[in-house]
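*Asks:* Here is how the chains run, residue by residue.
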Amino acid sequence: MKNQDSLKMINPIKQFFINYAVPILFIIMIVIAAPMSGLSPIFLINEVMTRLTRNSFLILSLLIPVMAGMGMNFGIVLGAMAGQIGLILITDWQIVGVPGILLAMLISTPIAILFGYFAGIVLNRAKGREMVTGMMLGYFMNGIYQLLVLYGMGKIIPIRDKSILLSRGYGIRNAISLDGIRQSLDNVIKLNILGVQIPLVTLGVIALNCLFIIWFRKTKLGQDMRTVGQDMEVARVAGIDVEKTRITSIVISTVLAAYGMIIYLQNIGTINTYNSHEQIGFFAVAALLVGGASVSKASIINVFIGVILFHTVFIVSPRAGKELIGSAQLGEYFRVFITYGVIAFSLVLYAWRNRIEAENERKKAMILRRVSLQDEEEEGDNV
Amino acid sequence: MKRKLIIRGSILVLLIILGIILFVVGKQHKVLIDNRDITIDGVSYTAAAAYEIWVDGEKVGRTTLNPGRRNVAYVVGPTHEIVLQEMKGGKPVGDSIVKKFRLSVKQSEVIINIPALVAGSDSFLYQED
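If you read the protein sequences in the order shown, they are chains A and B. In this note's numbering, each number is its position in the first sequence, counted from 1, plus 167. In this note's numbering, each number is its position in the second sequence, counted from 1, plus 7.
If you are wondering where the hints come from, they were derived from the structure by calculation, not from laboratory data. These numbers were taken from a predicted model, which means no experiment stands behind them. Glycine included, each C-beta is placed from N, C-alpha and C at the ideal position. Any given hint might turn out to be false.
Pairs of lysine-lysine residues, derived as DSBU-like cross-links and limited to a Cα-Cα distance of at most 35 Å, are as follows [claimed, not checked]:
(1) A/530 <-> A/181
(2) A/357 <-> B/37
(3) A/464 <-> A/387
(4) A/357 <-> B/107
(5) B/9 <-> A/385
(6) A/322 <-> B/37
(7) A/530 <-> A/489
(8) A/357 <-> A/329
(9) A/464 <-> A/181
(10) A/387 <-> A/411
(11) B/11 <-> A/385
(12) A/357 <-> B/66
(13) B/113 <-> A/322
(14) A/387 <-> B/66
(15) B/106 <-> A/411
(16) A/411 <-> B/11
(17) B/37 <-> A/329
(18) B/66 <-> B/95
(19) A/329 <-> B/107
(20) A/357 <-> B/106
(21) A/294 <-> A/387
(22) A/464 <-> A/411
(23) A/294 <-> B/11
(24) B/37 <-> B/106
(25) A/329 <-> B/95
(26) B/66 <-> B/11
(27) B/9 <-> A/329
(28) A/357 <-> B/113
(29) A/181 <-> A/385
(30) B/9 <-> A/387
(31) B/113 <-> A/329
(32) A/357 <-> A/464
(33) B/37 <-> B/11
(34) A/294 <-> A/411
If you want the ones that stay clear, here's a sample from chain B, every Cβ over 12 Å from chain A, calculated [said to hold, decoys possible]:
(35) 10
(36) 11
(37) 16
(38) 53
(39) 61
(40) 67
Hey, can you work out the whole structure from these sequences and the hints?
*Replies:* Shown next, in the form of structure tokens:
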């Protein structure tokens, strides 16, 4: 009996700290850095709200591949590229406002489906190494994207707006102003509650995406994805087309990432043609991991906790750094350091947690074995 | 199989139609508003008065558009309305003139000539070669 009690009580506190080490670390950082930054609470809440509406959709696109057991989809960069192509084209055609955003989404959809399908096929050939393959795929596709944008646009794809072309007559400029659609979605309905600006329509779009994910989990395809995520062999035996299901999850993720990138860039109001998409994968993954997600488990709650914690640290750290060390440049260094650091730390923690869980399983099995042996002995004594 | 193909084809057609609608509805046009002398088809129109101008309810420029001057407005979509109010010594003179006009998606940049519009010419709106 004593052994059974000890079985139930395998370090729950330790387990909690292991599970939520990254969010706890970030909360501690915020508690220390926020007062040091000297930023007013209203300013801080406004900034967090801006970043919440800017980034959430993009990070939500990471959830479906996690469900299918494909880890963090660094391939969302492909979706981001598709979104940017849509935005470049509507800028050239001078389509503005909400219709411009919708048209950019419409244009980016087939491109994202194509990219996602290609990524899915590649990732199917690299089972078990999806994350690093997705990352490399992002770099590879970046080359193709640059070829298209730097040489194809203006030469093969007609671009009439000279202001977005390089002076040589072809290739898109390094930075494009999105004046026509800047914050168009955010400004449709904007509430001001106690000085905090709340873009209702953007939040509504994010809420719709959340509802889509919740609904999708309950569909046949969603259930298939979960089964594939838990055990590919079991799924195959159950008659699920594992490869097709995995490709579908990446296609959905890439399309959502394209939409997410459009929402992200309409908020910022400028495209950095050759750089905007590059860091998106890392920042989105890092935010999700900060929210308490792991490579094998991620939920909608993780997305919002992640965005709030990750970006609050981003907002307060430059000012806190300046107050502490006297250098504002520390902020930019800190951003990159934190992003890559969080990903590395989370991956190490994930591997360590797996090892601990395996160890716990072994301990449990040993205790159960000991209990059953004791019971047998007691029964033998009674006889 | 055939039913599936028809459904997919219909969705594709609907999306293309949606794309065209969004293109037309969201198209931005640059409208240059000239209060300058002009000759159209052998008829001369002379800029003599200053005007306050509104396009789609938005005032164009901060001050009145004096003779010989040009201003610019950006409009979105196919149908628009321009309202002119003649000004003299900072005060409005007479009734305002209201004119509706349509722009096609090919007309990214057009010119509206005020003297021609006030005189009732149908050629008040044109594209520069």
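*Asks:* Are the hints correct? Go through all of them and say.
*Replies:* The hints, checked one at a time:
{"no.": "1", "hint": "A/530 <-> A/181", "verdict": "holds, 16 Å"}
{"no.": "2", "hint": "A/357 <-> B/37", "verdict": "holds, 28 Å"}
{"no.": "3", "hint": "A/464 <-> A/387", "verdict": "holds, 20 Å"}
{"no.": "4", "hint": "A/357 <-> B/107", "verdict": "holds, 31 Å"}
{"no.": "5", "hint": "B/9 <-> A/385", "verdict": "holds, 28 Å"}
{"no.": "6", "hint": "A/322 <-> B/37", "verdict": "holds, 25 Å"}
{"no.": "7", "hint": "A/530 <-> A/489", "verdict": "violated, 49 Å"}
{"no.": "8", "hint": "A/357 <-> A/329", "verdict": "holds, 34 Å"}
{"no.": "9", "hint": "A/464 <-> A/181", "verdict": "holds, 19 Å"}
{"no.": "10", "hint": "A/387 <-> A/411", "verdict": "holds, 14 Å"}
{"no.": "11", "hint": "B/11 <-> A/385", "verdict": "holds, 23 Å"}
{"no.": "12", "hint": "A/357 <-> B/66", "verdict": "holds, 24 Å"}
{"no.": "13", "hint": "B/113 <-> A/322", "verdict": "holds, 21 Å"}
{"no.": "14", "hint": "A/387 <-> B/66", "verdict": "violated, 56 Å"}
{"no.": "15", "hint": "B/106 <-> A/411", "verdict": "violated, 58 Å"}
{"no.": "16", "hint": "A/411 <-> B/11", "verdict": "holds, 18 Å"}
{"no.": "17", "hint": "B/37 <-> A/329", "verdict": "holds, 15 Å"}
{"no.": "18", "hint": "B/66 <-> B/95", "verdict": "holds, 18 Å"}
{"no.": "19", "hint": "A/329 <-> B/107", "verdict": "holds, 30 Å"}
{"no.": "20", "hint": "A/357 <-> B/106", "verdict": "holds, 33 Å"}
{"no.": "21", "hint": "A/294 <-> A/387", "verdict": "holds, 23 Å"}
{"no.": "22", "hint": "A/464 <-> A/411", "verdict": "holds, 21 Å"}
{"no.": "23", "hint": "A/294 <-> B/11", "verdict": "holds, 32 Å"}
{"no.": "24", "hint": "B/37 <-> B/106", "verdict": "holds, 17 Å"}
{"no.": "25", "hint": "A/329 <-> B/95", "verdict": "violated, 40 Å"}
{"no.": "26", "hint": "B/66 <-> B/11", "verdict": "violated, 52 Å"}
{"no.": "27", "hint": "B/9 <-> A/329", "verdict": "violated, 46 Å"}
{"no.": "28", "hint": "A/357 <-> B/113", "verdict": "holds, 33 Å"}
{"no.": "29", "hint": "A/181 <-> A/385", "verdict": "holds, 33 Å"}
{"no.": "30", "hint": "B/9 <-> A/387", "verdict": "holds, 23 Å"}
{"no.": "31", "hint": "B/113 <-> A/329", "verdict": "holds, 16 Å"}
{"no.": "32", "hint": "A/357 <-> A/464", "verdict": "holds, 34 Å"}
{"no.": "33", "hint": "B/37 <-> B/11", "verdict": "violated, 44 Å"}
{"no.": "34", "hint": "A/294 <-> A/411", "verdict": "holds, 13 Å"}
{"no.": "35", "hint": "10", "verdict": "holds, 19 Å"}
{"no.": "36", "hint": "11", "verdict": "holds, 16 Å"}
{"no.": "37", "hint": "16", "verdict": "holds, 15 Å"}
{"no.": "38", "hint": "53", "verdict": "holds, 33 Å"}
{"no.": "39", "hint": "61", "verdict": "holds, 20 Å"}
{"no.": "40", "hint": "67", "verdict": "holds, 18 Å"}
Violated hints, in rising order: 7, 14, 15, 25, 26, 27 and 33; the structure is consistent with all others.
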